[in-house]
Every structure is written in structure tokens, then in C-alpha cells.
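Put the two chains together into one complex, using the hints given.
The listed protein sequences correspond, in order, to chains A and B.
Residue numbers are given in this note's numbering: position 228 of the first sequence equals residue 228, and the series is strictly consecutive.
Residue numbers are given in this note's numbering: position 68 of the second sequence equals residue 68, and the series is strictly consecutive.
Calculated from the structure, these hints are not laboratory results.
You may find that some hints are simply not true.
Have a look at the derived ranges for each label pair, beta carbon to beta carbon [unchecked claim]:
(1) A:LEU75 / B:ASP79: 42 to 48 angstroms
(2) A:GLN249 / B:TYR46: 36 to 42 angstroms
(3) A:ASP56 / B:ASP275: 31 to 37 angstroms
(4) A:PHE197 / B:TYR46: 50 to 56 angstroms
(5) B:LYS222 / A:ASP192: 54 to 60 angstroms
Backbone N, C-alpha and C define an ideal beta-carbon position, used for all residues, glycine too.
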Amino acid sequence: MQPASRAERPRLFFANAVRRFFARRLVVLGVVLVSFLVLLGAFGRFIAPYNPLAQDLVNVLTPPTMRHWLGTDELGRDILSRLLWGSSVSLQVGIASVLMASIPGVFVGLVVAYRGGWLDSVVMRVLDGLMAFPALILALTIVAVLGPNLVNVIIAIAVTSFPHYARLVRGQVLAAREYDYILAIRSVGAGDTRIMFRHLLPNVISPVLVQASLGVGFAIMAEAGLSFLGVGVQPPTPTWGTMIQVGFQYLEVAPGLVMAPGALIFMAVLGFNLLGDGLREALDPHLTRSG
Amino acid sequence: MARYIVGRLLAAIPVIFVIALTVFVLGRLLPGDPITFIVGTSQATYTPEQLAAIRHDYGLDQPIYVQFGVWLGKALTGDFGRSFQSRQPVLDIIVPRMLPTAQIAIQTWIFAVIIGIGAGVISATAPNSWKDWLGTLTALFGAAIPFFLTASLLMFAFALRLHWLPASGYVPIYQDPLGSLRSTLLPSLTLCLGLAAVLTRQTRSGLIDVLRQPYVTTARAKGLREHLVLSRHALKNALLPVLTIMGFQLGNIFGGAVITETIFAIPGLGRLMVDSVTGREYLVLQALVLLAGTSVVLANIVVDLLYGVLDPRIRLRHG
Chain A
1 MQPASRAERP RLFFANAVRR FFARRLVVLG VVLVSFLVLL GAFGRFIAPY NPLAQDLVNV
61 LTPPTMRHWL GTDELGRDIL SRLLWGSSVS LQVGIASVLM ASIPGVFVGL VVAYRGGWLD
121 SVVMRVLDGL MAFPALILAL TIVAVLGPNL VNVIIAIAVT SFPHYARLVR GQVLAAREYD
181 YILAIRSVGA GDTRIMFRHL LPNVISPVLV QASLGVGFAI MAEAGLSFLG VGVQPPTPTW
241 GTMIQVGFQY LEVAPGLVMA PGALIFMAVL GFNLLGDGLR EALDPHLTRS G
Chain B
1 MARYIVGRLL AAIPVIFVIA LTVFVLGRLL PGDPITFIVG TSQATYTPEQ LAAIRHDYGL
61 DQPIYVQFGV WLGKALTGDF GRSFQSRQPV LDIIVPRMLP TAQIAIQTWI FAVIIGIGAG
121 VISATAPNSW KDWLGTLTAL FGAAIPFFLT ASLLMFAFAL RLHWLPASGY VPIYQDPLGS
181 LRSTLLPSLT LCLGLAAVLT RQTRSGLIDV LRQPYVTTAR AKGLREHLVL SRHALKNALL
241 PVLTIMGFQL GNIFGGAVIT ETIFAIPGLG RLMVDSVTGR EYLVLQALVL LAGTSVVLAN
301 IVVDLLYGVL DPRIRLRHG
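In isolation and in its complexed conformation, chain B is listed as follows (with noise of 0.2 angstroms):
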């Protein structure tokens, strides 16, 4: 077990490498002097030996391959530099925005095991019957429908006409659980009809498979009832593979929350990455991308270590 995980860990370093890679060209392209990413448009205010300085303060008068490895050593440390308007530190300014993001991250994983997986497990137990068509429908409905028109219907229903729910704004979960709830159930809601979406597709398909497998004849003909068979046998089996979608799916809730955070008005990561793009904070931007990037690697890691975990013929196997 432990070489698996050492293994996985190793594996993920390359990649790692490439996105901080990404990231730093990407900084790079922008036209012009790249001080223009450390300091914004307002270089007219700096006098020539602050531009110095700043410039020896970020390697840049130095070979392009001893910057990025400045940039990275400093990455690693968590210092992104400053945000040019308020020189507050990138970090100091991020750290306050995960809450909402991974709030509404979780809950869309909730919502979503329960609906994709419950209707996952209706349609493939009643194969090619009504509920099986309506799940599928809706399934496919779900993978295509933009976050735009899904946030705006649900805004439109529940918080302009029907007044049930806030339209905008975030309560931070520890000053009040259930107004926080509320203020997140729309985001959530949004976002967990794609994922749903997916997830629903898998877990038919998974559980359709292994039910055709001989030991669950077995547990049939030995008389045991229909849920156990589903809940103790076959499920276990069937969602091994739904987990490697969470995994996988975590970029796609992130790009998401770019979009809902915008409508709802939810101060999250994705709602600073927008502001940072439009205000020009270049280098907040490069700290949530690499953010970003780092933690779908690191999910999928924990995927695969809980895969291992799950799964004996790896757990086994790798001893």
C-alpha cells in the first residue's frame, strides 16, 4: 500500500510541473514588459529605479529558466506576490474566498451523489421501462443545459416570483447554518445537474453490467432480497467507477463556479478570478489558475488512493 501511494505521489510531480509551467508562460504572453504583471497598467507611477527594484525583486532581469524557478520557489511557499491596487498580499486575498467556493463545491457533490446515483440505480433496475426513458431524458437534458439558463430559471422561480430563497449573496456558514444554506442552495443546485447528469449515465451502465455477473445470481438464488442484493452486493461494485468521475469532475465544478458565482453573487474563488481578469490582477489570476490546476491533480490523487482503499484487487496487489 504504501509503494502505491508513494507511486501515485511521484506521478503527479511532472504534471505539477507542467501546469506551474502553463502558468508562468501564460503570464509571460501577456504583451508588452512583464512588469506589467507585477505592477498593473499603472507603471507612469513607478520612477525608474522603483521599476528596477521591483524588477531584481522578481528576477526579471534575470535568464528566463532562473525566473521561473523564482517564481516557483516563491509559489511554493505560498508568496504570489502582491495584488497592484491594494498591495495586499494574492494569498491574504484568496484564502478568505475558499469558503463559499468549497461550501457550494461539497454541496453540489451531495446533491449530486444523491439525485445521479438514485436515479442511477432506478433505471437500471427497471431497464428500458418508463423510468428508465425518463432518467436517461433527463440525464441528457442535464449534460446539455448551459449554467447560465439553469441559474437563470432557478432564480426566476424561486427567488423573483416565489420569494423562497435569496437571489444574490453569501452568509458565511458559521454565523448562521441555515440562512448559509439558503443563500447556497441555488449555486449548488445549478451546478449539480451537469454532474448529476453524469453520474446517472455511470451508475446505470456500472450497475446494469454487474448485475449480469454471476454472483449476483448467487445472491439471488440463495434467496436474498432484492435491495440487499443491490445495496450489499452489486452497488459496491457498480460505483467504483463513479468515484474516478468525482475525481474528474471537480475541474468541471470549478468552471462552473466562475459562472454561478458571477450570477449569484457569491464573493468565492470564481467570482475573484472574474474580478481579477476584468480588474487586471494579473497575479491573482496566475495563483488561482495554478490553484486550480494543482487541485484537480491532487483530487484525482485522493481518488486513486481511495480506489486503492476500496478496491482489494489493488489494495492486494500492491501489498
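Next comes chain A alone, as it looks inside the complex (with noise of 0.2 angstroms):
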């Protein structure tokens, strides 16, 4: 049995996934940008050699130079120090918007699962229902009842992915439910709430953290495309989205206003997929052995 062998030598369990998760070279250029993008939101700001709100009304819109290795934007702000500080927005939304959608999410997808029934049947359809809207159409409609800042745009992200959590460990806690050994813990006599986050819990972590890293990604693309429709972080604040949508208007003259934004999200979205995807990988209990 599976869970039995990996009870009994998970130190091999872990270095197993370790070696597994290294093994592919994709899944290491994933760990390198996702620890590059940690790394720019934690300290960019520290770094930024400019203030990113400072204006040099004479060097509007300037290429790269020495002093401004990015060049300016339309205001003569530096291009570098704006992307350095919209890092860190950028990151806030990835982070707290996969722990506002994924703990709730797990949470209703153990108890409906375990409880099946009537509970489950409504709850699946409500999710199947909220899962049908278009993501960035249901979370611009959020943004737009709510009001366009960066909590809502974190609320509006959370909401919209959320229902994919939830279904998720449904499935899993599902199958989990039948092996033997949770009759056996339930047949000595503990309770539903032991049994639930104790004993079936475990069984979902590796499914949720895969999840989890796409989830950062999709979050920080979604950040983006509100603010760049005008409806997410409102400017001054520097961030990716804003400044793609202000740098569009120069697409002609100044296309670095778009493309350096442009390409940390897209560096962000492949890392944090391709860590998702090597995570899966090493995480899988069925692989230990072969791996």
C-alpha cells in the first residue's frame, strides 16, 4: 500500500522528490526565476537606484543610458526603479491571493467531500456555476462593484480561483476517503474532525501546493491585465500592469515602456508554471519507487 510505504520511509520519500524535482532542467530554470522574482519583490525596492514617483520633466522617454539603465517613461521616471518596486505589488497579489483562495478552498472541499450528501451537491454547483464565468471577466466585475484598488484586486483574484481549490481537494479527499486505513482510524474510535485534518489532510497537500505555484502565476497575470484595463492598482503606484498600460501609448517611440514589464510577467508566469509543473512530478506518491 501506498501510504503505508511512505509512512514508514519518508526521509526516502522527501530525498527521492528532491532528486526528482532537480532532475529536470526546465523545472531548475523554474526554481531560479521563481527565486530571482522572490528576491526582486523582497529587496527591489532596497536597490532601486531612483525614487519610482521622482519626475525628470527633461528626460522624458529616453533609451537606456548610464544614468537610467532602462531608460525613462513619459513622466522621466526611471524604467528600472518602477519595475523594481511594481516586483513587490506584483508578489503581494501572487502570495496573498493563493492563501485567501486556497485555505478556504481546501477547507470547504475536505468537509464537503467527507460529508458527501446533500451539502456536496449544492456546494458543487455553486463552484461549478462560479467556475464557469471567465476568470478575468468575473474578477473585473469584482474589482469593478468593489472599487479598484489593491486589496479588492486581491479579493477579486482569490474569488475567482478559489472554486478550482476546493474542487480539487473534493476530488482527492473523495478517493482518500476509501482507503482502509481511514476505516481503521474511524474503527478505534476517532472523531470526524481528527479524521478530516489529521488522517485526510495530508492526502491534499501535494495536489494543493502544484496548484498553488500555477495559482501565483495566474494571479500576477491577472493583476496585470486589471491594471492595465484600468480597473486594478490605480497609478501613481508603480506596477507591471499600470505601466504596460501607460507605456502603450508610446508603443511606437518607447516599445522598452511595454516589453520590460511585459517580459518580468512572462518570466514570472514560466517560472511559476514550471516550478507547478516539476513540483507535480516530485510530489507524485507513485513515483517513488522509479524515481
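Okay, here's the thing in C-alpha cells:
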């Protein structure tokens, strides 16, 4: 039985998982990209050469120079500094929205799958309904209703991703519920709460981690999309999305205004996607022996 | 077969009900009096009697569940209220915007199928070769590149530098089919990249699985040429899951339309949605969100039905 062998040799499972994780070059690329972005998000604002809001109306839309490594925008603000500050907004949105979606998602998925019955049917129909909306359109509408600011952007992205976590966890728990060891635990008198959180919850952590990694990438893309449409984080706060929105008007004369933040978003999404793929393969217990 | 169709349609009803309820609740979440939702911010220009009449007309003086019923009943007959700025019925604003979005969506699908399935087949028939590696890498990049980056790269290269295609605007297909294609080519290419990436991955893994099956070996053993093995036997089975993806991805195309139509100034539904957010045309927005959610559900039903027609296991079981 898989769970038993896993419990016997947790250290070996972990070692194998780490080995499988780093065995693929693309996964390593993902780790490098994600680490780079996390460092940028955490410390970027301290190494930014200029104040991201400082205008220099004499030097607007300059190409890259020694003073401004990536040039300046339409108000003479240093693009590199704005990108560095923007990375912390993107990272905040990514992490906060994933936490806000995954924790209730795991809880709801766990409870409805364990309880089953009418509760499960009703909740699943609600989740199906929410998932039918195109993600960006639902997020756009929520922000339009709540008002455009950072917190509401995070809420909107969390609401659109929440059903995915609940659905994923429900599927995992439905399968895990049937394992013999759950029956054994119940027969020795363990209560429902204990079974759910001590014994079923560990089964869902791996897929949730994978989903969370993909979710950070999605959230960064969605925040940029909302800001680009003018309903996300509002100027003058430097975010990658707002930079693209403004930069677009100068695409012909200064394509870098769009390309630089666009490239960072691309790197972020690619990094988190690769990380998610790597986690999926590394954490799959069925691969323990072959790995 | 008839039972299968009816079963699918019945299963969609609660989902569509949840969609409608969500849209209704979102409308009520707007801060302040729900009447703002109907008359916009121009409340001051109405007399109290007029406001009371509107309130009564929309059932706002009734309990909330009655309001939902009234709203849903009107929505089902296509009555989404009137724009508070132009006083035009919302439906009359939406309908003319459908053509560009639908045209771009269909073109996107065609391009994505050609690119995605083509790349998937090439990858699967030569696994671990440089072609496979290139296909996989392109699919990874295609899935991660944001629409606005693709759109600006394409616009910069083909419109602003090479001047091959227009940078913005839309020519209706019934006026000038070729000009229409030119005006929608860049938005379609932008949207198709992500879809093609998903299709490549699915086609590749599906086809690799199918090619390992005994019936493919049999087909090869009796001397069938490889391209016939692929087209007659393997692809049919490998492409069934691809159909499901096409249904699911309709939502992404809608989401992407919001961004590409803004970038390329296409007067479609996506652009209308952004305009209705910035212009606080909440009734238009409400109708559009309802439309987007419902059409995704309907697209998935169509896909399920096609599945039933194409897959004999489903067709025969439900006889």
C-alpha cells in the first residue's frame, strides 16, 4: 500500500522527491526564475537607484543610458526603479490571493467531500457556476463593484481561484476517504474532525501546492491584466500592469515601456508554471520507487 | 441518445441558475442604493416620484427573492434594462458588438487547432527529438506569455514597423472580407497562442498514449503506411479529449477578448465590457457577465453532445 510505504520511509520519499525535482533542467529554470522574482519582490525597492515616483520632465522617454539603465518613461521616471517597486506589488498579489483562495478552498473541499450528501451537491453546483465565468471577466466585475485598489484586486483574484482549490481537494478527499487506513482509524474511535484534519488533510497537500504554484503565476498575470484595463491598482503606484497600460500609448517611440514589464510578467508566469510542473512530478507518491 | 441530450441539458439548469444568482448578487454588492445600478450616478437629476416609479418598475420595493425572480424573468426574455446614458435597451447595445468578438473567436480556434494539433502530432511522432523539444518549449512559452506582451510585439512588428497590417480598428466581414481578416488577424494570433499551447500538450500526450495501444501495432503490422495509421486510427482517439479543452477554453478566449479588443480598438463585447466598467454602465456589465457565463456552459454542453456523437462508448450506452 502506498501510504504505508510512504510513512515507513518518509526521509527516502523526501530525498527522492528532491532528486526528481531537480532532475529536470526546465524545473531548475523555474526555480531560478521564481527565486529571482522573490528576491526582486522582497529587496527590489531597496536597490532601486531612483525614487519610482520622481519625475524628470527634461529627460522623458529616453533610451537606456548609463544613468537610467532601462531608460525613462513619459514623465521621466526611471523605468528600472519602477519595475523593481512593481515586482513587490506583483508578489504581494500573487501570495496574498493564493493564500486567500487556497485556505478556504481546502477547508470547503475537505468538508463537503467528507460529509457528502446534499451539502456536497449544493456546494458543487455553486462552484460549477462560479467556474463557468471567464476568470478575468469575473475578476474585472468584482473589482468594478468593490472599487479599484490593491486589496480588492487580491479579493477578486482569490474569489475566481477559490473554486479550483475546493474542487481539487474534494476529488482527492473522495478518493482518500475510501482507503483502508481511514476505516481503521474510524474503527478505533477517532472523531470526524480528527479524521479530516489529521488523516485526510495530508493527502491533499501535494496537489494543493502544485495548484498554488500555478496560482501565483495566474494571479500575477491577472493583476497585470486588471491594472492594464485601468481597474486594478491605480496610478501613480508603480505596478507592471499600470506601466504597460501607460507605456502602450508610446509603443511606437519607446517599445521598452511595454516590453520590459511584459517580459518580467512572462518570466514570473513561466517560472511558477515550471515550478508547479516540477512539484507535480516530484510529489507524486506513485513515482517513489521508480524515482 | 435523446436521454443523454436531455440529461445534459437538465444538469446545466442549476449551474445557469447559480450564474444568474451570482450576477444578481454582484449587482447588489454595489455600495449604496441598488437604484444607482439602474440610473447610474445621475440620481440627483431624477425627482423622488421618478425614482419611486423606477424602483417599482424594477421591483426594488419588493423582498429580495422576488426581485431576483423579476430580474431573472426579464433577463430570460432578453430584457436587461436600459443604458442610463443613452436610454437604449441594453440588448440593442450588445447585439451589434457580437460580430467582431465571434469572428475573432472563431479565427482564434481555427489558428489554434492548426498550430496546436500540428505541433502536437509532430512532437508525438518523434518523441524526445529536437522537434519534440522545440514543440514542448514553445508550448511552455505560449502558455506563460501574457496577452498584452504578445499583442504589443505583434503590433510593433507587423503594424508599426512593417506596416503589413492595421494596428487598430475593425472592418466588418460583410463589407470587405479580406480587409476584415486583415483587421482581425493580429488579435486572433494573440489569442491563439495560449490555446495552441494547451492543444499541443494535450495532442502530444494523448497521441503518445494511443500510439502505444495494440490496435495501432496491428494497423502497422498489416502494412498500413504511417500517415494512414495516424490519420485513420490514432488521431481520432487522441483528439477526443482535445474537444473538451476547446469547450473549457472558450472562457479564456472571452477573457482575452477584453484585453485584445482594448489594445487593437476592436468594437466587440470585450471592449464594451471595459467601457461599461469605466462608464459605470452596470446594467450593460451585468448582461455581459451573464452572457459570458451562460455561453461557456452552453459551449460545454455542445462539446458533451459532440462527444456523445463521436465516441461510440457514450453513444451506444445511452442508446
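ASP56 (chain A) paired with ASP275 (chain B), Cβ distance criterion 31 to 37 angstroms: For ASP56 (chain A) and ASP275 (chain B) the Cβ distance comes to about 34 angstroms; the hint holds.
Per the hint of 36 to 42 angstroms, is the separation of the Cβ atoms of GLN249 (chain A) and TYR46 (chain B) within bounds? Holds, since GLN249 (chain A) and TYR46 (chain B) (Cβ atoms, about 37 angstroms apart) stay within the stated range.
Against the range 50 to 56 angstroms, how does the distance between the Cβ atoms of PHE197 (chain A) and TYR46 (chain B) compare: consistent or not? The hinted range 50 to 56 angstroms holds for PHE197 (chain A) and TYR46 (chain B), with Cβ atoms some 55 angstroms apart.
Can the suggested window of 42 to 48 angstroms be confirmed for the beta-carbon pair LEU75 (chain A) and ASP79 (chain B)? Holds: the Cβ-Cβ distance is about 47 angstroms, inside 42 to 48 angstroms.
Do the Cβ positions of LYS222 (chain B) and ASP192 (chain A) conform to the proposed distance bound of 54 to 60 angstroms? Holds, at about 58 angstroms.
Hint violations for this structure: none, all hints satisfied.
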